[in-house]
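Chemist: Next come the chains, spelled out residue by residue.
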Amino acid sequence: MSDSKTTITVWIFALTLLAGLLVLPQLLSYSQREIAVFLIINVLLVVSYRLMTLTGEWSLGHVVIMGVGAYASALFSKRLGVPVPLSMFLGASTAGLTAVVLSFPLFRMKGFYFLIGSFAAGEVIRLIWKYFTFPFGGAKGLNLIPSFPDIGWISFFDPVNYYYLCLIVVSVSLFILYRVERSRFGLTFHALHWQDKLAESVGVNTFRYRMLAFTLASFFAGLSGALYAHYIGTVNPTRFDVEEMVYVLIWAIVGGTATFYGPIVGVVALTIVNDVLLRALGFDTIRPMIYGAVLIASVLFMPDGLESIFPKLKRLMMGRKTEPATKSEAGEIP
Amino acid sequence: MTQPILEVCDLSRNFGGLLAVNQLSFSVIPGTIHGIIGPNGAGKTTTFNVISGFYAPSSGHVTYLGKDISGIRTDRLAEIGLIRTFQGTTLFNEFSVIDNVRLGCHVSAKSGFLSRLLGADRESEAVATKKAEDLLAFFNLSDLRDEEASNLPHGHQRALGMAVALAADPKILLLDEPFTGMNPEETARMMTLTRDIRDRGITVMLVEHDMQAVMGLCDMITVMNFGSLLTEGTPKEVRTNPGVIEAYLGSAHHAS
Ligand SMILES: Nc1ncnc2c1ncn2[C@@H]1O[C@H](COP(=O)(O)OP(=O)(O)OP(=O)(O)O)[C@@H](O)[C@H]1O
Ligand SMILES: [Mg+2]
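Going line by line, the protein sequences match chains W and R.
Everything in the first sequence is counted per this note's numbering, starting at 1 for the first residue and increasing by one.
Everything in the second sequence is counted per this note's numbering, starting at 1 for the first residue and increasing by one.
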């Protein structure tokens with residue numbers, strides 16, 4: 001019974017959120033609309049990253065994998081003339097396939113060694129981009145990447161329209177990632193994290209499940225890369241360097257990775273702090289410093305991430321009320 | 001005579017210079033409770049680790065259901081019904097009690113990626129949940145269904161570990177010291193349950209230091225000392241074997 005009630009709460013919350021997201025670009029300035037596009041893309045990037053962390057392995061190659069999706073989709077459309085929507089899918093698949101291949105060396109390692117191994121693998125991929133002018137364009141990368149084709153009178157040069165496109169693609173992706181986590185796959189990923197020996201002893205092929213998590217995470221990271229590439233029109237190896245990876249880590253850590261929404265809260269909060277507040281004050285060039293400070297502050301004062309304040313808020317609100325009023329419950333964050 | 005379900009043949013396993021298991025041979029008759037005893041460090045856990053595929057044998061082989069399984073991966077063996085438990089309490093501590101057992105149903109609850117995504121696995125998941133609930137009832141853990149596993153008292157944790165193993169549909173179940181840290185009352189209850197497990201047709205291998213439990217439960221006992229087979233027989237035969245008494249007294253002497 002209370003289960004169906006929470007389901008209703010979740011739905012009401014989701015619909016409110018969706019309505020808010022739909023009107024959002026109308027309330028923003030042109031440059032803020034661009035930021036909103038990148039934010040939506042980054043949401044997919046960090047949520048896909050979290051899927052990987054469920055198995056207990058933290059990769060430093062996730063942004064490079066995003067780049068694989070970006071490069072592949074750009075190349076499929078630019079050099080082979082594949083229509084952009086299809087090339088995006090192919091780009092994401094290429095990223096997934098890269099993960100399949102990388103699984104073989106990487107999952108011989110665990111923990112710290114995996115972290116370093118994933119970093120090395122990422123650097124190798126970036127070197128390949130830099131070294132091979134054909135087809136990757138070398139250090140300058142690729143430009144004049146075909147943009148998303150117009151649908152009727154809707155042009156995706158307009159950030160508002162691209163925002164809506166990304167919103168649809170990312171919503172569907174998040175839904176899939178959410179379903180995966182809530183299914184037995186999610187349970188198995190968690191099991192690998194906490195007790196892989198026990199999981200093995202009841203028949204879990206630990207390598208296969210690690211590979212599955214890595215591949216899925218990479219597919220959606222690649223998709224976010226493809227969305228990025230066809231919006232901005234140019235990609236280069238520096239865009240996917242380790243500094244960008246550190247931002248992803250900070251979003252995930254500041255938001256918290258225990259819940260599905262934690263990393264989303266992290267990326268949204270930090271984007272607002274950096275790209276909206278600081279930009280307004282003209283401080284946005286010191287982004288690395290701000291991010292560093294926020295990371296240290298959050299590790300010190302909020303080790304469980306921003307996500308941990310929602311249950312606290314909920315408890316606070318419940319505590320204030322002597323009698324839980326059913327009406328106001330709908331408005332609470334689930 | 002019946003075909004053995006498990007046969008260990010000249011099995012050895014060494015760690016560097018240390019011979020943890022040395023030329024060990026024995027066979028297990030289906031439908032029995034087969035004990036392995038021996039002083040600390042005799043190589044019992046290592047034997048389990050080799051049989052269950054955690055370690056490859058250094059030499060010799062293991063035959064299960066007539067098939068040579070030496071060196072086959074643990075999860076593959078679990079799929080064909082060879083399941084082991086761990087000496088220390090090993091659980092998914094952060095999971096609820098029911099989720100621990102649900103995870104144990106991994107093999108029987110297999111389903112494709114798309115069907116999981118679309119929720120078409122609902123039926124097989126319902127079956128798994130039902131199976132898990134039945135197992136909790138069997139081990140008297142139903143009241144703790146939604147408790148986090150790490151919050152359980154020790155005895156219940158050990159029982160939960162067995163429930164997870166049983167959820168994997170074993171044909172043969174390797175129990176490594178299942179009764180450690182249990183009070184006599186709990187041990188007695190777990191002994192009854194172990195017999196019930198055997199009576200369901202599951203062969204049980206039991207490593208245990210509680211001699212009363214071992215003697216009370218086992219149909220056949222293999223005694224190990226310093227990695228080798230010391231003797232083998234019914235509880236009665238083993239109890240009166242001078243070599244066994246010597247081994248245990250010797251080690252007790254060592255310890256003091
Ligand atoms: N992974 C390992 N690496 C090195 N030595 C090991 C390893 N595992 C076991 N050993 C050694 O092998 C010998 C046998 O150990 P094992 O754990 O099999 O004994 P046991 O009979 O289970 O003892 P206990 O009754 O104390 O559980 C011991 O000397 C132990 O130190
Ligand atoms: Mg042992």
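Take the hints with a grain of salt, since some may be wrong.
With a cut-off of at most 27 Å between alpha-carbon atoms, the simulated BS3-like pairs for lysine-lysine come out as follows [stated by the list, open to error]:
#1 W:LYS197 - R:LYS171
#2 R:LYS110 - W:LYS197
#3 W:LYS197 - R:LYS236
#4 W:LYS197 - R:LYS67
#5 R:LYS130 - W:LYS197
Keep in mind the hints are simulated off the structure, nothing from the lab.
Chemist: Look at each hint and say if it fits the structure.
Modeler: Here is how each hint holds up against the structure:
no.	hint	verdict
1	W:LYS197 - R:LYS171	holds (20 Å)
2	R:LYS110 - W:LYS197	holds (19 Å)
3	W:LYS197 - R:LYS236	violated (36 Å)
4	W:LYS197 - R:LYS67	holds (24 Å)
5	R:LYS130 - W:LYS197	holds (25 Å)
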